[in-house]
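Novice: These protein sequence lines map, in sequence, to chains A and B.
Numbered according to our numbering, the first sequence spans residues 11 to 292.
Numbered according to our numbering, the second sequence spans residues -2 to 273.
It is worth saying that the hints were derived from the structure and are not from the lab.
Keep in mind the model is a prediction, meaning the values are calculated, not measured.
Heads up, the beta-carbon is just placed ideally off N, CA and C, and yes, glycines get one too.
Please note that the accuracy of each hint is not assured.
[Unchecked claim] Listed next, the stretches of chain B that the computed footprint assigns to chain A, with coverage defined by at least 3 CB atoms under 8 Å from CB atoms of chain A:
hint: 1; region: 40 to 54
hint: 2; region: 65 to 75
[To be verified] Pairs of lysine to any residue, SDA-like flavour, derived with a Cα cap of 20 Å:
hint: 3; chain 1: A; residue 1: 105; chain 2: B; residue 2: 217
hint: 4; chain 1: A; residue 1: 105; chain 2: B; residue 2: 5
hint: 5; chain 1: A; residue 1: 105; chain 2: B; residue 2: 2
hint: 6; chain 1: A; residue 1: 105; chain 2: B; residue 2: 11
hint: 7; chain 1: B; residue 1: 217; chain 2: B; residue 2: 59
hint: 8; chain 1: A; residue 1: 105; chain 2: B; residue 2: 59
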Amino acid sequence: MRTRAPYFFLAPYLAFFALFWAWPVVYSLYLSFLNTRVYPWRLEFGTNWSRLLQDPFFFVALKNTLLILVVQVPLMLVLALILALALNSTLLRMKGFYRFAFFVPVVVGSVAYSATFRLLFNTEFGAVNALLRSLGHPGYDWLYTPGPAMAVIIFALTWRWTGYNAIILLAGLQRIPRELYEAAAIDGANFWQQFRYVTLPGIRPVLLFCLVLSIIGTLQLFTEPFLITAGGPGNATMTLGLYLYQQGFRSFNFGYASAIAYTVALLAATLSFLQLRLWRER
Amino acid sequence: MRGRRFWLSLGLQALLMPLALLWLAPLWLMFVFATRPEYDIFRVPTPLLPGTAFCDNLNNLQEDTDFFRALWNSIVVSGLSTLGAVLLSSLSGFALAVYRFRGQAFVFSLVVLTLTIPYFTVVIPQYILVAREFQLTNTYWGVILPFLANALGVFYMRQVFLSLPSSLLDAARVDGASELRIFFQIALPLVTPSLAALALIFFLNVWNDYLWPLLVLSEKEMYTAPVALGTLIGLTRVSWAGIMVGSFLMTLPFAVLFFFLQRYFVAGITAGAIKE
């Protein structure tokens, strides 16, 4: 049927989309070529991008972000997959309890749990060190030593996002037709073979979705390092997100911050594309 | 065989139970700290049972920052942006699902493409727009506006409306109802559970958002709850029990909602990941 109704229905969304998404995507690319430390802003193609390539702080932030990405995302997704498999299994009792325990972090705000994790990992009185000491370990100066500080960020992220991914993976598992497992069982496939040849291919697209989402999310990590460690000690937990915030909204150097933002976008696009290629169904 | 299943089940339970308790520990301790006097937080071993100092801690928090005001700001901002975003998403989702029109494929691919754009690439121009062009810093609208266009919402509502039998809408057209009326009086009421799921996720996202309100709000009276708490975290002479009260108050309503309405949260979270 022919009617102009759909255009009217789409108009308000498209107006806000144009203003707050389409124009910004283009404008921040443009900004990344502007020298915004002079007034009025001046188009200088090299300024921000060549600074980026020589900026040791940027590379520290990049290294830290990639480190978190490489360690935290696989750790979390494996854990989430195990959880999803357990919650999908007929062997597990008290599923309601487990679902609540692992899934409830999805409603907890980053500020609320960052504050809590800061207390839990306090060196003198934190619950974690108290537990470690009771087990005969001296504990760590968590927030003030580089390695452990990074570990705290990784723990916090894992606590917050494992359930989120498990929810998505579980939904994927529940959509695998039961007959496939029955057929596999009739063919004499053991647990591992069923996992390898039925489960894994069945949830591949969902797993890929989680992976790409986690990559994009981790590359933009901000609140946790900002509130738990303030990027410290030194710059040990400085992330790209935190550095962008400092450059953009502390120094108000929008041009340079936009160059950082586009680096994140390029990284996200490249990594996502690589994953899609790597995991593409053969 | 029965025996083997029993032992497997027991083994799984023994493996998962400690992990589940570990997962609940941060929230439980948040609650415990919120109800214990300040000095208990700094005590070893860590107290594990709630105390009776909740009201004192709340008073301390209120002295550090006007938290009730911040909660109210959060409610207003989250509520209004949820209303707006749900309306815009369902209007667009309806248009994309029910009609055939020129440019449809283009609009839909825009929506899908937006889902993959990192937020960082838009946050700086959004800030320039809201703060400099519109002069909306320290206003509710300054916080709300960027949340109104939500591509995931459009994508989700399109899926929802696609599953609606078109015969229902056609019957209304035969009766002479306008398209807008069909949308509001027939289509929307039929998808209320999905709307609720979407609204819940939208509300939660804005409620918990930190970076954007941090950028556009600098006056204490306008702080949302996360921003109000966030400013306290870096300070030295501040009531940590108070911060825990604030965190607890921010979290509790949604933990309770999650307990009763898990299905809706799950529907909102899996939107986009699972093809219906």
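Novice: Could you run down the list of hints and mark each one as holding or not?
Specialist: Comparing the hints with the structure gives:
Only residues whose beta carbon comes within less than 8 Å of a beta carbon in chain A count, and the region 40 to 54 of chain B has 4; three or more means the coverage holds. Note: the region 65 to 75 of chain B has 0 residues with beta-carbon separation from chain A under 8 Å; the three-residue rule is not met and the coverage is violated. Of the supplied pair hints, the one linking residue 105(A) and residue 217(B) is violated, its CA atoms being roughly 43 Å apart against a limit of 20 Å. Proposed proximity of residue 105(A) and residue 5(B) is supported: the alpha carbons are some 15 Å apart, at most 20 Å.
A threshold of 20 Å between alpha carbons decides the hint, and for residue 105(A) with residue 2(B) the separation of about 17 Å falls inside it, so the pair holds. A hinted pair counts as satisfied when its Cα atoms are at most 20 Å apart, and residue 105(A) with residue 11(B) qualifies at roughly 14 Å. For the hint pairing residue 217(B) with residue 59(B), the CA-to-CA distance comes to about 12 Å; that is within 20 Å, so the pair holds. Between residue 105(A) and residue 59(B) the alpha-carbon distance is near 39 Å, which puts this suggested pair outside the 20 Å criterion.
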